[in-house]
Amino acid sequence: MTKPVQALDRVTIRFAGDSGDGMQLTGDRFTSVTAAYGNDLSTLPDFPAEIRAPAGSIPGVSGFQLHFASYDILTPGDAPDVLVAMNPAALKANLRDLPKGATLIVNTDAFTARNLDKAGYAGNPLDDGTLGDYHVHAVPLTSLTTASLKDFDITKKEAERAKNMFALGLMSWLYSRPTDATIAFLKKKFASRPVIAEANVTAFKAGYHYGETTEVFAVSYEIAPAPLAKGTYRNISGNLALSYGLIAASKLSGLPLFLGAYPITPASDVLHELAKHKHFGVRTFQAEDEIAGVGAALGAAFGGSLAVSTSSGPGIALKAETIGLAVSLELPLLVIDIQRGGPSTGLPTKTEQSDLLQVMFGRNGEAPVPVVAAATPSDCFFAAIEAARIALAYRTPVILLSDGYLANGSEPWRIPEVDTLPDISVPFTTEPNHEGDFWPYLRDEQTLARPWAVPGTPGLEHRIGGLEKADGTGNISYDPENHDRMVNLRAAKVAGIARGIAPVEVDHQDGARLLVLGWGSTYGPIGAAVRSVRGQGGKVAQAHLRHLNPFPANLGEVLARYEAVLIPEMNTGQLRKLVRAEYLVDAKGYNRVSGLPFKSEELEHVIVEMLEGASRP
Amino acid sequence: MTTSNGRSGNGAGRATATGDPPVLQLAAKDFKSDQEVRWCPGCGDYAVLSAVQSFMPSLGIPRERIVFVSGIGCSSRFPYYMNTYGLHSIHGRAPAIATGLAASRPDLAVWVITGDGDALSIGGNHLIHALRRNVNLKILLFNNQIYGLTKGQYSPTSERGKITKSTPMGSLDWPFNPVSVALGAEATFVARTVDSDRKHLTEVLRRAAEHRGAAFVEIYQNCPIFNDGAFDLLTDHDSRDDNQIRLEHGKPIRFGPDRERGVRLTDQASVDLVEVADVGEDALLVHDEHRDDPSLAFMLGRLSHTAKGPTPIGVFRDVDRPVYDDLMADQLDRAAAKQGAGDLAKLLHSGDTWQIG
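If you're matching them up, the sequences are chains L and B in order.
Per this note's numbering, the very first residue in the first sequence carries number 1; after that it's consecutive.
Per this note's numbering, the very first residue in the second sequence carries number 1; after that it's consecutive.
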């Protein structure tokens, strides 16, 4: 008997369980087959800062949300349509996000008195009416898994651990996902332990067949592939795209890549990834602290490497003095801030955009630094190349902003042809530049960049440092007029970068009098909200900034075209402050700092409210 | 530009790699930059600068392959006066910055100039990690036991009870012994010398330059303004023979005007000072720079904690250990040999991909 298949155009699924339940792996696998199937998708992992919080407790709940569709989508979904809850804590932690009428698949085996108590449930929500508003599928996932593995020569614990694969099998049936890739993946992942590989495959298939045969599920669903542009695609997370972008920048500049970094969430994966690619000539240096990470990178920059230091907000604070030195030395240096919740240690595994003003101003003296921000996970690739281009061309430290959501979120990516990527190479100086002498601070008239002469070049021996330098010769200078000139030259150099960057593009709509301006990872939710408002007949324009310092040259003129400007940010209004100061525009903000990405629905409400306000006399 | 193979190192890499030994006719004056030297009159830094400029030509390394990196402090102005590549950085960070330079450019000879405050206070962390990694750096620590550039506060090597502007009733901190710190940080080369003893200083610098890996040299350096005479016992004509214990590899450790005193290893796992006449030369400790175990070197380093009594100078330890820069280059070479040179298109297409259209 074949069950009916119902077509959907989109669905959002959230897998939630104990941090030891393998929810991230389950989510990753579902994402991978969904991407390969041709849906557009967006993901949002949500895991605790604790590696293993007490089992069964609410702080130990780990989640993975996946939004996939038969059309192009921009966000990981505001709220799940389906929640898979592996234990009572996962149910309790996630239920408030679940809209009424949503589907719930719960592992009834985990709803023991002890686990209910740990989650803070007085009674059992499965039978006390708590879940009356939802379509509940009560499935004894653990015992079904162990039953399917009873003939395997493995421990009970090992059998139970395969329950995430049973759940994945069930969800694969429910949403008509292909199974071959997951089976191949499991065989490869557990290649060194064939019996575990086979057990996981068996549990996965058992879950799939359970869906097919049990009465619990009356229908399954199909989400057709999305009509995406032609090309070769892969799924990619922000941190992976960033790592690939850095390797690409190394290739495109012809310079060896040097990464100095200290482990910090959520940036460590970039260090891990780059450490795998030594055959590209990539040197990764795990430093003794954040300061040494950026210091070593700066030393490598002096030696002619494409030098990078990755971190998150707290680490960027520690690097500030060295970034200031790089401003003074005028050497190319990429500092990458993968923002997380702050202040202080804050929320290490959550996302925020609250470091913009830190990277703009968090240094002593007049120390301007260009700032570039990535908008989506795959955009981290291109943002890294752009940041490297600026650093090399202008001999300056550049800060690239990503955040926890971009870092760990993923989306399908049309892989670019390598020959379409820009040449960002710059020549080293090899000859004297002033009457037979070498003047390290004699600038290029166009870019104001100083020459980059690396040790090993005969005849160009020179000394540079953090003391103020005489314009031209670079010798120590305490001359007041010279200092004023140098401060202004450094500022003019950074400001002049605007001449070499693309103007900000506006997605204008005829009749729109409101511009929604964003930067960074709010691109997705803002885009989805704007699309939705337009669908309801609202007139609204949207623009998104890649360059935050300097701003694109046309930004002031763009802002002046609109009666109202709305700047949604996951901070208390940092870009808004900059825009108001720079352009005297009375931009409004929508600001919420919850550690989670905006929901498109909340932005939609804000836009609609502003449109209504604007239309009132 | 960057050689991934730096085994020949110490700045002589390129020339040696081509089998073409450098023929350089450089003199001390070639290492003098055009900048006016601006230390206080009588500062010990002048003597060290002069010794370094004079001994550099003997290394046979072209100037362009030598880099001096410093932090902040009086001594950290040093790079400006050397006609080589140079980087005057920020307080305490020179070892970290130099690590990035040396690790990415094994063809360079990288020297770090630092002081007691720079290396042992604000930059203590970077110093110990550069030493334990055995990065190919020559670290010269100018120890004047005072903060000079900020006008005379006590430093982490000042003796306890030091009266300074910031410690009018005397400093409370127990001082670091730089040699102890370096040995404790797993350094492979540790030496101590004195600014005013040109010959000894030059010999120690030469030994440091020859060492592959991190070489740590503490230089007792007089600050005539804020801590004058801190090392008089070791430098004054009348007292130096009584107080300098000159370490020489393979020789019994003797000192004194007539070498009548010596250092003995006791049966209590410590060293003490003895009269040779009392114990006989055979009872004296024979100095061995190459001992794998640093314990004896550590004991010698602590015979005098702040140079206020008989104090060993010379090379305490000189052992071979793989060099960080070489190990890093070797991993790159092995990865390339195993996986082939990196192919960007292949990398971007790695993992699961699918076609549309």
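There's no promise every hint is true.
Partial chain B-side listing against chain L, Cβ under 7 angstroms, derived [what the hints assert, rightly or not]: (1) LEU108; (2) PRO252; (3) ARG254; (4) VAL271; (5) THR353.
Heads up, simulated DMTMM-like pairs for lysine to aspartate or glutamate below, C-alpha to C-alpha not over 20 angstroms straight-line [said to hold, decoys possible]: (6) LYS346(B) x GLU198(L); (7) LYS278(L) x ASP330(B); (8) LYS100(L) x ASP72(L); (9) LYS251(B) x ASP232(B); (10) LYS276(L) x ASP241(B); (11) LYS278(L) x ASP333(B); (12) LYS29(B) x ASP437(L); (13) LYS3(L) x GLU215(L); (14) LYS278(L) x ASP282(B); (15) LYS276(L) x ASP343(B); (16) LYS118(L) x ASP133(L); (17) LYS278(L) x ASP278(B); (18) LYS205(L) x GLU215(L); (19) LYS151(B) x GLU186(B); (20) LYS230(L) x ASP352(B); (21) LYS150(L) x ASP109(L); (22) LYS346(B) x ASP128(L); (23) LYS189(L) x ASP241(B); (24) LYS308(B) x ASP352(B); (25) LYS151(B) x GLU203(B); (26) LYS276(L) x ASP278(B); (27) LYS187(L) x ASP288(B); (28) LYS338(B) x GLU445(L); (29) LYS276(L) x ASP333(B); (30) LYS276(L) x ASP282(B); (31) LYS251(B) x ASP228(B); (32) LYS100(L) x ASP117(L); (33) LYS188(L) x ASP352(B); (34) LYS156(L) x GLU198(L); (35) LYS199(B) x GLU159(B); (36) LYS32(B) x ASP437(L).
Honestly, the hints are just simulated from the structure, not real lab data.
Where a beta carbon is used, it is the ideal one built from N, C-alpha and C, also for glycine.
Results of checking the hints against the structure:
no., hint, verdict
1, LEU108, "holds, 5 angstroms"
2, PRO252, "violated, 39 angstroms"
3, ARG254, "violated, 40 angstroms"
4, VAL271, "violated, 32 angstroms"
5, THR353, "holds, 5 angstroms"
6, LYS346(B) x GLU198(L), "violated, 31 angstroms"
7, LYS278(L) x ASP330(B), "holds, 10 angstroms"
8, LYS100(L) x ASP72(L), "violated, 26 angstroms"
9, LYS251(B) x ASP232(B), "violated, 26 angstroms"
10, LYS276(L) x ASP241(B), "violated, 57 angstroms"
11, LYS278(L) x ASP333(B), "holds, 8 angstroms"
12, LYS29(B) x ASP437(L), "holds, 18 angstroms"
13, LYS3(L) x GLU215(L), "holds, 10 angstroms"
14, LYS278(L) x ASP282(B), "violated, 54 angstroms"
15, LYS276(L) x ASP343(B), "holds, 14 angstroms"
16, LYS118(L) x ASP133(L), "violated, 24 angstroms"
17, LYS278(L) x ASP278(B), "violated, 62 angstroms"
18, LYS205(L) x GLU215(L), "holds, 17 angstroms"
19, LYS151(B) x GLU186(B), "violated, 33 angstroms"
20, LYS230(L) x ASP352(B), "holds, 17 angstroms"
21, LYS150(L) x ASP109(L), "holds, 17 angstroms"
22, LYS346(B) x ASP128(L), "violated, 55 angstroms"
23, LYS189(L) x ASP241(B), "violated, 70 angstroms"
24, LYS308(B) x ASP352(B), "violated, 69 angstroms"
25, LYS151(B) x GLU203(B), "violated, 32 angstroms"
26, LYS276(L) x ASP278(B), "violated, 63 angstroms"
27, LYS187(L) x ASP288(B), "violated, 57 angstroms"
28, LYS338(B) x GLU445(L), "violated, 46 angstroms"
29, LYS276(L) x ASP333(B), "holds, 13 angstroms"
30, LYS276(L) x ASP282(B), "violated, 56 angstroms"
31, LYS251(B) x ASP228(B), "violated, 33 angstroms"
32, LYS100(L) x ASP117(L), "violated, 25 angstroms"
33, LYS188(L) x ASP352(B), "holds, 13 angstroms"
34, LYS156(L) x GLU198(L), "holds, 15 angstroms"
35, LYS199(B) x GLU159(B), "violated, 28 angstroms"
36, LYS32(B) x ASP437(L), "holds, 15 angstroms"
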